[in-house]
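Visitor: Listed in order, the protein sequences are those of chains V and R.
Numbering-wise, the first sequence is residues 1 to 212 according to the numbering used here.
Numbering-wise, the second sequence is residues 1 to 239 according to the numbering used here.
One thing to keep in mind: the hints can contain errors.
Pairs of lysine to aspartate or glutamate, EDC-like flavour, derived with a Cα cap of 16 angstroms [claimed, not checked]:
| id | chain 1 | residue 1 | chain 2 | residue 2 |
| --- | --- | --- | --- | --- |
| 1 | V | 187 | R | 193 |
| 2 | V | 184 | R | 193 |
| 3 | V | 184 | V | 37 |
| 4 | V | 125 | R | 131 |
| 5 | V | 125 | V | 88 |
| 6 | R | 161 | V | 33 |
| 7 | R | 161 | R | 193 |
| 8 | R | 161 | V | 29 |
| 9 | V | 125 | V | 83 |
| 10 | R | 161 | R | 206 |
| 11 | R | 45 | R | 192 |
| 12 | R | 161 | R | 38 |
| 13 | V | 76 | V | 88 |
| 14 | R | 49 | V | 61 |
| 15 | R | 188 | R | 35 |
| 16 | R | 45 | R | 67 |
| 17 | R | 161 | V | 88 |
| 18 | V | 187 | V | 173 |
| 19 | V | 76 | V | 37 |
| 20 | V | 178 | R | 180 |
| 21 | R | 45 | R | 138 |
| 22 | V | 76 | R | 206 |
| 23 | V | 110 | V | 83 |
| 24 | V | 187 | V | 37 |
| 25 | V | 187 | V | 33 |
| 26 | R | 204 | V | 88 |
| 27 | R | 161 | V | 71 |
| 28 | R | 45 | R | 22 |
| 29 | V | 187 | V | 156 |
| 30 | R | 49 | R | 72 |
Please keep in mind that the hints were generated in silico from the structure rather than gathered at the bench.
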Amino acid sequence: MTFTQIQTEIRTRLDEASVIFWADADIREAINDGYQEMSDASEWYERNANINLTINTVYYDLTSSSILTDEFLAMKQAFNNQENWWLDPRTVWDLDASYRGWESVTGPPKRFFMRGLWFLGLDPKPPATSGTVRLYYSAMPAALSAGGDVPGFPQEFHFGLVEYALYDLLGQEAETQKALQHWKQYKGYEAALVDFVNHRISTPRLSGYKGA
Amino acid sequence: MPESLSTVRVDVLLRLGDSTNDIWTNAEIDRYIQEGYDELLIRTKMLWKRAYSNDVASTATYSLPTDFIGLDRVLWNWRRIEPVTQQELIDFDALYRTTEGPVQAYSVESDGLLTLRKYPVPSTTATAGADANNTRIEYFARGTAVSADADGFSIPDRYVKYIRHFAMFRALERNGTGQDLVFAAHWKARFDEGIMRIINRMQKVERTRRVGYGERRVHLGPPPRPKLPRAYGREVRYP
Chain V
1 MTFTQIQTEI RTRLDEASVI FWADADIREA INDGYQEMSD ASEWYERNAN INLTINTVYY
61 DLTSSSILTD EFLAMKQAFN NQENWWLDPR TVWDLDASYR GWESVTGPPK RFFMRGLWFL
121 GLDPKPPATS GTVRLYYSAM PAALSAGGDV PGFPQEFHFG LVEYALYDLL GQEAETQKAL
181 QHWKQYKGYE AALVDFVNHR ISTPRLSGYK GA
Chain R
1 MPESLSTVRV DVLLRLGDST NDIWTNAEID RYIQEGYDEL LIRTKMLWKR AYSNDVASTA
61 TYSLPTDFIG LDRVLWNWRR IEPVTQQELI DFDALYRTTE GPVQAYSVES DGLLTLRKYP
121 VPSTTATAGA DANNTRIEYF ARGTAVSADA DGFSIPDRYV KYIRHFAMFR ALERNGTGQD
181 LVFAAHWKAR FDEGIMRIIN RMQKVERTRR VGYGERRVHL GPPPRPKLPR AYGREVRYP
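Next comes chain V alone, as it looks inside the complex:
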């Protein structure tokens, strides 16, 4: 479904074919709020990008636009482009247990770890400002804006955006019971998308509405 089609569906379900109570901007915002929510829950938007290595730098802030242009969510894998090897995921406690002075060691990165939610750490730290590491991560997609924009996940989950928008808009009208009914139906779509993303090899694509 395109952005315009989703808006039309919502107006139909609200029994408001033209602008009477709900402005187009309200409906568009509700749809994008739902798009963000489904994307956050499922992490379907998988991306990869090279980051430049900096001399003697262990930590890289992945929310910085100078490092990654996407809105970073979670790290998956990392690849050293110069040495052609995959970096092993670690925790900082693994590194401390092996050698307490690991932060002073320089060399081509072999391991990566996360500190907090968005700081990437590399071990060993690069000995020069050259070379790149390719990161594989999940991110937030750009908001829908043009009428022809299509949500990036499969068609069968698009009605989740409709249900979310109805929940959001009816909640603003203090129609609590109706809003929570649509929330329940939205959660069904969200759960199905999460299931599809996490079990792509074994889950059939046409999961449709499952309810909650």
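With the hints as your guide, set chain R onto chain V.
Guide: What follows is chain R alone, placed relative to chain V:
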């Protein structure tokens, strides 16, 4: 457009159906937003920071940063140092309060809530902001307080949405006109779900980590449970 206090407040009031402040004032919503911001960071510890606790010769205790929530790790001269209790220091060195030398351990007991004691006491003053022969702390932080309309948040915009959920919960929960306990419980559940989502996300790399040949896997849990005695391979249970 990055989220600010005013954008979150407008968002909350829109969803409360009270854009004209007939029921909820801006000041009240701002308080809920600040409370949600603090609650989010305290429960998830997602805001990780590094700071230098620059060694000063013959000075044993140092103040921790004002935005400090909890310690993650402390290093001296690039190397991780261990936390110790005051009793351990007393047992090890009765003169721990004055013994000087390269820092090997630290304590956050008995010297005040936001005070760190280095042991031994640094004997030289370190170059400020350098790791060599100096102390660096890694800690979980509280975000900068938001009070002015244009004040931003120290976390990515995606997670600022969760603060909105908390503010909605508080606004709908409080007594008086506009109270809706059912909807308040729903927003609280959304906030809690967001917390769990963040915590799971932070643990993702940890769950996929691998330990190479010859490396020691750190045991992060409690010691193994004691086992019953065996008699010639058969388990014996005593009443």
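Visitor: Holds or violated: residue 76 (chain V) and residue 88 (chain V), Cα atoms, limit 16 angstroms.
Guide: holds, 11 angstroms
Visitor: Hey, residue 161 (chain R) versus residue 193 (chain R), does the alpha-carbon distance stay inside 16 angstroms?
Guide: holds, 12 angstroms
Visitor: Residue 45 (chain R) and residue 138 (chain R) were given as a pair; does the straight-line alpha-carbon distance stay at or below 16 angstroms?
Guide: holds, 12 angstroms
Visitor: Does the structure keep residue 187 (chain V) and residue 37 (chain V) at a Cα separation of 16 angstroms or less?
Guide: holds, 10 angstroms
Visitor: Would you mind confirming whether the straight-line C-alpha gap from residue 187 (chain V) to residue 193 (chain R) stays at or under 16 angstroms?
Guide: The hint holds at about 12 angstroms.
Visitor: Taken at face value, is the distance from the CA of residue 88 (chain V) to the CA of residue 204 (chain R) at most 16 angstroms?
Guide: Measuring from Cα to Cα gives roughly 13 angstroms; hence the hint holds.
Visitor: What's the verdict on residue 125 (chain V) and residue 131 (chain R), does the C-alpha distance respect the 16 angstroms limit or exceed it?
Guide: This hinted pair holds, its Cα atoms lying about 15 angstroms apart.
Visitor: When you check the alpha-carbon spacing of residue 125 (chain V) and residue 83 (chain V), does it fall within 16 angstroms?
Guide: With a Cα-Cα distance of about 14 angstroms, the restraint between residue 125 (chain V) and residue 83 (chain V) holds, given a limit of 16 angstroms.
Visitor: Does the alpha-carbon distance linking residue 187 (chain V) and residue 173 (chain V) stay inside the 16 angstroms limit?
Guide: violated, 21 angstroms
Visitor: Please verify whether residue 161 (chain R) and residue 71 (chain V) have alpha carbons no more than 16 angstroms apart.
Guide: holds, 14 angstroms
Visitor: Mind checking the alpha carbons of residue 161 (chain R) and residue 38 (chain R) for me, to see if they're no more than 16 angstroms apart?
Guide: Holds: residue 161 (chain R) and residue 38 (chain R) sit about 14 angstroms apart, inside 16 angstroms.
Visitor: Under the criterion that the straight-line Cα-Cα distance not exceed 16 angstroms, is the pair residue 187 (chain V), residue 33 (chain V) satisfied?
Guide: At roughly 14 angstroms apart (the allowed maximum being 16 angstroms), residue 33 (chain V) and residue 187 (chain V) satisfy the hint.
Checked against the numbered hints listed earlier, the structure breaks hints 10, 17, 18, 19 and 28; every other hint is satisfied.
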